[in-house]
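Undergrad: Protein sequences, first through last, are from chains C and W.
With this note's numbering, letter number 117 in the first sequence gets 117, and the count goes up by one each step, no holes.
With this note's numbering, letter number 189 in the second sequence gets 189, and the count goes up by one each step, no holes.
What you were told as hints is all true, and nothing was included just to trick you.
Simulated restraints on C-beta separations:
(1) G664(W) - L44(C): 33 to 43 Å
(2) Q169(W) - F106(C): 48 to 58 Å
(3) L95(C) - T205(W): 51 to 61 Å
(4) G646(W) - L95(C): 22 to 32 Å
Rather than coming from a laboratory, the hints here were simulated on the basis of the structure.
Remember, predicted model here, so these are calculated numbers, not experimental data.
Heads up, the beta-carbon is just placed ideally off N, CA and C, and yes, glycines get one too.
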Amino acid sequence: MNTPPNLILLFVILFNFFILGTSRLATCIRSVALQGALLSLLPLFLHTSTFHTYLLAGGAFILKGLLMPWLLFRAIRQVRIRREVEPRIGYIPTLLLGALTTAGAFIFGDRLPLLPAHLHSLFIPAALATLAAGFLMLITRRKAITQVLGYLMFENGIFIFGTLLAEAMPFMVEMGVLLDMLVAIFVMGIVMNHINREFSTLNTEQLSLLRE
Amino acid sequence: MTPTFFTNINGLLLVLAVYLTGGLLCLISGPRARLAHPLGAATAAIASALGFIATLPALSAVAPQHVALSWPAAGVDLALTLDPLAAFFLLPIFLLTFCGALYAIDYLHFPDRSWRAGLHWFFYNSLGASMTVVVLAANGLVFLLAWEIMSLSSFFLVTHDYQEEKVRQAGWLYLVATHIGAAFLFFLFFAASRAAGSLDFASFTALRTLPADSALLLFFAALIGFGAKAGLFPMHVWLPDAHPAAPSHVSALMSGVMIKTALYGLLRMLTFLPPIPGWIGIAVAILGIIGALFGIAMAATQTDIKRSLAYSTVENIGIIFLGFGLWLFCLATGHEAAAFLALIGALLHIWNHSLFKGLLFLGAGSLVHATGSRELSAMGGLLRRMPLTGSLLFFGGAAISALPPLNGFISEWLLYLSLFKAGQDTLAGTAVLFMLLAILLALVSGLVMLVMTRLLGVALQGEPRSQAAATAHESSAVLLIAAMLIPAGLCLLVGIAPQLPLQLINGPLIAMLLPNFAAADTTLLPPFGPAWSFTMLVALALLAIIVTVRTVRRRAAGRIGTWGCGYLKPDTRMAYTAGSYSQFAQDTVFCSCITPTAASTRSAALFPPAAQFRQERLDPVLTRWFLPLFRKLAEQAYAFRRLQAGQLSIYVLYIFTTTILLLGWSIMAP
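From just these sequences and the hints, can you work out the full model?
TA: Pasting the structure below:
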């Protein structure tokens with residue numbers, strides 16, 4: 001239980017709660033970046049040290065740990081917001097929901113027909129819990145920027161799954177994860193830019209006119 | 001590349017590659033219409049010509065050819081199989097794609113800088129490629145994939161003139177109809193793969209051991225799903241709107257071959273299913289004859305030339321289904337001879353219909369192009385102004401009316417023979433039914449004659465009914481005429497030497513569809529051969545002599561106007577219109593449900609003011625059955641609007657709950 005990967009995953013889960021409970025955007029961005037950076041270490045511990053492994057780890061570190069926070073910090077500097085003022089659901093209820101989904105993830109993870117090597121490890125529960133936390137961010141927050149953070153957490157969850165599959169399906173995982181992240185950043189970047197310009201606010205609720 | 005290498009499925013892969021590169025190049029050429037237009041037409045024409053050559057030997061080859069590309073993610077291979085059944089449908093597909101591409105070079109005009117040429121030819125090439133793949137598909141997944149691409153590319157071709165409200169409506173109706181049909185096909189293939197264990201057609205032979213009720217379920221799913229595409233009554237409702245809306249070469253392609261891919265699908269499924277009970281065959285035959293009667297009656301009331309032709313397609317599909325139904329019945333009851341005649345008649349009619357309907361749509365397109373209107377009341381006197389197109393249209397009209405020595409006569413004759421043979425061989429009760437079907441088929445043939453004389457008489461003969469018709473002139477484009485000459489020549493060839501196509505069909509293809517029948521048995525067929533060809537040629541020569549002599553004599557006599565019963569200022573508006581020509585049939589023969597709805601303002605005053613009269617020729621099946629049904633459904637479905645919150649987070653919540661529920665379900669389920 002005390003192996004490095006499990007320690008990393010434990011931190012990842014703790015970061016989930018921290019992000020769900022904090023209102024300061026800068027802290028949120030830093031936490032998500034730190035979570036991503038931690039995750040990028042996973043392949044090193046998990047797989048034999050080949051070029052492929054280093055590529056995966058290095059790529060993930062640069063993208064998740066450096067590029068993403070830099071982009072997001074730049075974004076909040078430009079639009080001058082510091083905190084999520086009024087989330088749709090408060091911080092305490094969100095934390096409780098997060099706790100519930102994490103518990104659910106642990107229960108569910110035990111019942112999956114996994115390889116013996118992955119059984120009773122923290123991988124599956126941590127991946128599911130991070131996915132759920134990403135979902136909760138997307139649902140409960142109003143600002144576009146916190147929603148981007150939700151997407152990133154979501155991607156982190158997928159990355160945990162992906163590291164398990166990295167040897168079975170060589171390029172699928174990297175491609176999927178890295179591309180998805182870039183797309184999320186670009187799309188949300190454009191969306192944010194546009195919302196800001198049109199409505200001079202970053203609240204996505206203003207976008208509901210298109211529903212018909 | 002040796003001919004032996006090319007004339008098989010490798011050749012067809014090359015064809016697909018040409019279609020694909022052509023389509024993509026058209027797309028890349030962007031707004032440069034002057035580049036995309038000839039390029040797209042050339043690739044489509046080259047691909048289809050190559051395809052025709054590559055396919056021809058496969059029709060009489062016994063062993064199917066297979067090619068596969070592994071596709072691990074999908075669970076099945078990207079596999080194609082070329083066998084006689086596929087080759088039978090590929091030949092008309094390639095032929096009409098070729099003619100359509102030739103025709104469109106001069107028929108379509110694009111502004112110099114517009115995306116429309118590139119888009120049109122991209123979709124035309126993709127339609128050609130997808131029709132080819134539909135017919136070649138070796139498993140359900142490839143079939144459905146190609147089927148959807150085919151539906152979508154034809155949708156975009158139909159909505160070529162998307163600025164017009166009516167065209168958009170027609171496209172929408174087509175899209176809805178084709179997807180409802182596709183839903184049944186998805187059910188069909190996934191249910192079949194569940195029963196057979198794999199989506200591969202090769203494993204579908206396991207369906208032969210299915211219990212009768214599940215086999216029937218699959219059959220009806222196939223009948224509805226494919227029937228919707230084929231235009232089988234009552235699922236034909238999209239057809240009379242979509243065909244006139246499309247450009248004429250696209251109408252020719254869709255009506256001539258695209259809807260036939262549905263017949264292919266049905267035949268392919270029938271080769272997998274266990275023997276169908278006889279009463280189903282009777283039901284299909286009756287549905288077919290109802291569709292034929294309905295289609296031709298509707299065709300007789302239309303004043304839009306292409307809409308009338310579209311309804312005639314409904315009629316021909318009905319005739320083909322009549323043949324199929326008879327084949328199924330005779331197969332189930334063991335009357336092999338009648339089954340053989342019905343099948344070979346229906347198959348030949350599939351080819352024939354592609355030829356003459358392609359010809360008629362292309363010819364009608366030229367008339368529409370020359371007069372700027374699809375209304376028969378805007379034409380008239382066009383035979384004198386467009387002699388080549390006009391004569392080719394007459395030729396097509398004679399072929400579709402089943403007049404010897406043209407091809408329609410041969411296939412309908414075979415169908416009559418099969419009806420009589422079935423009547424001879426079966427018990428009294430069913431024999432009466434077959435005689436009734438024969439009589440109804442004769443009624444249909446008579447009505448086809450009415451429709452065609454009306455269409456051609458009003459459009460081509462008499463005096464011009466509009467300014468545009470008076471100034472119409474033959475196009476100087478050689479390709480336009482060549483594109484019509486090819487199907488016309490083949491119509492004549494099939495009529496004069498029917499043994500040639502019958503030999504091609506009466507080989508491995510018949511052996512596939514009639515397993516217990518000695519394939520080479522030609523004694524059942526009428527004595528086609530040199531004697532027949534000679535007689536027909538002599539008859540044709542006599543006809544030509546008579547026509548020439550009469551024309552020369554009439555020219556010598558000079559032209560004078562029709563005697564107007566003493567009225568001094570006769571006008572073309574007093575001439576017989578398309579509506580008045582079919583008025584008698586409409587009032588006395590047809591069911592009142594298909595008469596056009598009329599609205600008129602009448603005045604009883606002494607000095608009547610300007611009066612109005614207008615008729616609308618809507619499809620009764622659409623307006624009375626489908627539209628009310630869909631309106632009801634829409635009302636019911638209105639409650640679901642509440643789900644549409646318009647907030648991103650709510651949608652994410654939906655996804656989240658669904659994921660959680662699915663996860664829970666996946667561990668609860670054993």
